[in-house]
Every structure is written in C-alpha cells, then in structure tokens.
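J.: Below, each chain spelled out in residue letters.
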Amino acid sequence: MTDDSAGRRFPRFTRSDRLEHWVQVIAFTGLAITGLIQMWSESPFPKVIITGLGGINSTRFIHRTLAIAVLIATAYHLGTAGYRFFVKRIGKQMLPDLNDVRAAAHSVSYNLGFRGDPAMEGKFTFAEKAEYWSIIWGTVIMAITGLMMWNPVATTKILPGAFIPAAKAAHGGEAILAILAILVWHTYFVHVRRFNRSIFTGYLGEEEMLDEHPIQLAAIESGDDTITIPPETLKRRRRVFFPVYAAIVVLAAASVLVFLSYQEIAITTVDPPDTVVEIYTPYVP
Amino acid sequence: MCAGVFVALNIGGSDQADAQTISDWGNETCLECHTEPSLSTEFPSGETLDVTIDADRWHDSIHAEWDLKCILCHTEITAIPHDPLAFDNSREYAIAKSDGCVVCHREQEVVDDSVHAQAREEGDLEAAVCSDCHDPHYATDPPKSPTEIPETCRTCHSEIYDRYTESVHGSALTDGNSDVPTCTDCHGVHEIAGPSRGEFHLFSPEVCATCHADEELMDKYGINTDVFNTYVADFHGRTITLFQEITPDQDTNAPVCISCHGVHDIQPADEAGSSVAKENLLATCQHCHPNAEAGFPEAWMSHYSASTDEWPLVFYVRLFYRILIPLVIGSMIIYVAIDLIGRLRRRKESVA
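Line by line, the protein sequences are chains A and B. Residues 1 to 285 (this note's numbering) are what the first sequence spells out, left to right. Residues 286 to 637 (this note's numbering) are what the second sequence spells out, left to right.
Calculated directly from the structure, the hints in this document are not laboratory data. Here the structure is a predicted model, which is why all the values come from computation and not from measurement. You may find that some hints are simply not true.
What the hints assert, rightly or not - Restricting the straight-line Cα-Cα distance to at most 25 Å, the calculated cross-link-like pairs of lysine to any residue (SDA-like) are:
id, chain 1, residue 1, chain 2, residue 2
1, A, LYS88, A, ILE158
2, B, LYS563, A, ILE158
3, A, LYS47, B, ASP519
Said to hold, decoys possible - Quick list of simulated restraints, FRET-style, between CB atoms:
id, chain 1, residue 1, chain 2, residue 2, range
4, A, ALA254, B, ILE508, 26 to 34 Å
5, A, THR65, B, ILE619, 32 to 40 Å
6, B, ASP470, A, TRP133, 24 to 32 Å
7, A, PRO282, B, PRO322, 19 to 27 Å
8, A, ILE144, B, ASN565, 41 to 49 Å
Glycine is no exception: its CB is placed at the ideal position from the N, C-alpha and C atoms.
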C-alpha cells in the first residue's frame, strides 16, 4: 500500500483472481443466454437468438463448450482456494461462521434504525460469503445435472431413468435461481450500493475499506494481517499439496471424459438401421 | 357384327372424309366393339392388353358423367377399324396416355417433388402415373368406399398395405371407420414426398397432430391430446420443432412420432405387441441409443406430465425450486431493500 495523491490503495484481488472472474463473467453470461433460450425456445425472441447462433445443435454445442470452460475454471479455483487453505492457511476467512449471521442481523437493525453503530466486518463480508458459497453450490448442482443430461445413457446405467427429467428440472430451477441471485444480490452489492472496481483494478480505496472491511483495515494498520510462514514449512506444505491437487484434477478430468464418452450416446446417422421397408412390392392376387 | 361396322365405315372413304366422320362419333361407336368380352390387343413385346370395357361401370364413372368422348383421350384412333397401338408394351402406353391427363387436369399436374414423378425421371418406369391410381374408364368421385385408397396403393405397395391393414388405423378402416387415416391422409396425393428423410420426417408430427391434437375427435376414442405438447416439451420434440422453424432444409435424426410408434404397423400404445409398450420400449430406444440399458426408457416421461403419481421425482424437484426460488430471491430483495433504505436515510441525515 502506498500513500499518494489518489489516496491509499489496498490490494484485494490478484491477477489470477481477476482472470478467474472474467472467465466466470463470460461463461456464466454465455451459459445463461444459451440455456434460457433453450428453456423458452418456443417464444419468439429466444428463437431469434437460436437462429443467430446457427440452430439448436450449435446452440447446444456452445452451451456445452462453455460448461467445459466452467469445469476447467472450477478445477483452477480448487487449486487457488486449496493453496490458500492448505498451504498459506488463510482460507478460513472465507468459511461462513456465526459472526456472519450476527453481522447480517446487526446490519438489518442498523439499517432499520434500531441501533446506531454499523456492523464491523472483516476481509469477506456476510454478503460476499453468501454469494461465494451460492456460486459453489450452484456450480455443483449445475455441473452434476448438466453432465447427467449430457450422457443420459451412462447416467441411467447407475441411476433410474427418472433422474434425467429430474436433472432437467433441477438444472432449469437452479439456473433461474442463480441468474436472479446475480441480478439482485451481485448487482446491488458491487454495482448499485457502490461501484466496486477492485475486481478490475485489484485494489480497494481507503473509504471503501473503512465502510465495508473495517476489521481487515484495522488488522492491516496494526500489522496483524501479515503472516510469515517459514520457507521450510511452505516448501513442505507445497510438496504435499501440489501432488494431491494434481491427482484430484487428473482423476476428476478423467472421470468426466470417460463419463461423457462412455459408449455411444446416440447414433449419428440420419436413419436408424433396420428400418428399411421394401417399397415396390406389386400386389399379386 | 363388329367386323361389319369396320367394313361399313371403311367403304370408299378417303382419309379426309374419315377424319370428319370421327369427330361425329359417339362413344357408342367405340363401345360397339369394345364391350365384346375378352377383346384384347397384342403389343410388339408380346404382351396382351385386355381392351374390353364394362359399359355399365363406364356409364357410372366420372368421365362418363362429364360426357367425355373416348377419342378425347384416345387421340391416336383416327379411323375404324384402327391399327394396333403404336407402343412397344402396355407400360409405355399407360405412361404416354397419362401425359395427356393434364390437358384437362391442369391443377393435378404432377409436381416436381412427387416421389413418383421423380422415380420416373430417374428411369423407373414402374413408378405410378395417373391411370395407375385413377382408372380412366371407371373412376368415380368420390371414391366408392373408404378402402379404395389403400387398395389402390396396394397395387404397387402390397407389403406396406399388409402392414397397414394389421395396424390400429388400417384394421379400423377395414371395419368401416372413416375417422382413421388412409395412405393419402399422411402422404398427400399428387405432391407425395419421399417419406424416409428430409422435410417429410421433420414435419411428420404435424401430420399426426392433425388428428391427435383434435380434442373432439380424440375424445371419441379416449385418447389424450397432450401427446403432442408433451413431445414438444421434451428434448426430442424440442429439437424437431426448432429444426422445423430454423433449419428445415437440414436433416436431423431426432425422433418423431413414427420413430417410436411405428409407421404402417402402428399399434395401440397399450397393446402388448406395440413398439412403445413398456416391455418393448427399451428395444425401441436402442434403435437410436444402442447402448441404452433397462433404466434408460424412464428418462422419457412417456407423454406424461410430472405429478405425484407419474414421475413424482420430477414433480418434487420442480416443487422444491418453486418454493426455493421465491424464498431465496425474496429474502435477498428484502435484505437489499433494508440496506438501501438505511443508506438513503443516513445520507439524508448527514445532509441535514
């Protein structure tokens, strides 16, 4: 952090965090659009978009390509979050706890005028944690139900057939929930309440820190926020973390690939075999 | 007697005089010979053609009703007695004669997308011409019996006819039910398209819907008209509908009604032998999903809408989200609104 004419800046997001966010922005928007138009494909406007995308097959192809992008981004996030949690040991601040419930209740009474002091929150506020964990929950549901529908033949080898239309219902319901949550919660907290530029610049200003993360600011000021890990400890933790992480990602990627390519989903020829009827068979009385 | 007429008309006449006489001929002139039993002519190919006309049936026919003369079609007859037909075989003759039908029947002119015209252009002389379906001497309008259409098509498509008469539609037709579709109801008449792929496949659900979405008609047979909506609501039907509307020129292998229910051999869905009966459904799915196993058919909701009785899992998942979405989003809106109110109030206070 530096003192200059523009005021103090506090680092919030690394370049990697910002890249993850951009991937999510593009993939989420793309999936929302290509998904909603499939859900409401009978309405005129979705039809216009499907036509623009080159038809239903290419719409589905784009949707699935973006879904793969989300899976890759999720695997990447598992790495960055895991590194913070197990190597740097600073992940706990993202876990929800009772303080978040208290902070939410406190904010409500403060906003309604029942108490005069605002809630004091740390690096991640109640609103931010709620959104973060909603996205984790949503991604898990969407990925599982999406993959189930992608290869129903493989799915129904393990689960009853009714799970496919059920997955479709859940995929649609969860999509609506996620889109509305982004429109209400995310839009309000980072665009309307205050336009929070930190996801683009990487930094928060002093006033923003004071308003939204006073406990973190206090920790920074007192120097409590800097944790130094001995290099040998860091090295040892990394030696365990990276192989385990690599193994999990390889295993997950392999499972998804095997699942999706496991036997044939459907024939690719225009006509099924053995449906030919002899057409010219003159009647002999 | 016939020979006598030939002689009488042939006496001393020049060609010119004969031609003038011909225009005055009535049909009875022709029938005088052509009602004789077992009258036949031989083509150079060695093939013989029965040329006896059943006068009673002719008089009942639509062409007789219109008072048409034999020579209107048989323009090659310019003298009596006349020469044998100048065609190598009966097929060549039928094709040549049918080319003349459009002189009167302009609107029925065989169009380019008729599968029969196409086959003939590709050199298949057996492909039907007008006279193969519409007997020019005995055709009536309307047809005498509802079975006349399939019986006509049977001439060339006997195997399909046999399947049809065994089907739910064909057997009902044979029993005198005229609600059921015959060949032309689905395939059209003069613009018959090739049935195996392309637009016919793509738009075939609309053909079925003509009757199966007709509530009044289906009510008579206790058949649910939701079959069409439930199909369109699912993956296959959605694909077909979008191909119809956006890319009708492209082939898709997504199944239509007949892909699962069968075409000419279609059976009632609740009959044991039906391709969509529960015990046969997996085999039907496997036509397109060869690796499907026992659980797979239930992935298709069999035209049902989810309820507590049918596909309850789907019903409860929907119910869950129907409760969860307003609950979560509603809470978010309330929390956001309270935060906004607080901020606005404090701003006002600090200004004041």
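J.: For each hint, tell me whether it holds in the structure or not.
T.: Here's how the hints hold up against the structure:
1. A/LYS88 - A/ILE158: violated (39 Å)
2. B/LYS563 - A/ILE158: holds (20 Å)
3. A/LYS47 - B/ASP519: holds (16 Å)
4. A/ALA254 - B/ILE508: 26 to 34 Å: Roughly 49 Å apart at Cβ, these two residues miss the hinted range, so it is violated.
5. A/THR65 - B/ILE619: 32 to 40 Å: Given range 32 to 40 Å: holds, Cβ gap about 38 Å.
6. B/ASP470 - A/TRP133: 24 to 32 Å: violated (59 Å)
7. A/PRO282 - B/PRO322: 19 to 27 Å: holds (26 Å)
8. A/ILE144 - B/ASN565: 41 to 49 Å: violated (32 Å)
Checked against the numbered hints given earlier, the structure breaks hints 1, 4, 6, 8 and satisfies all the rest.
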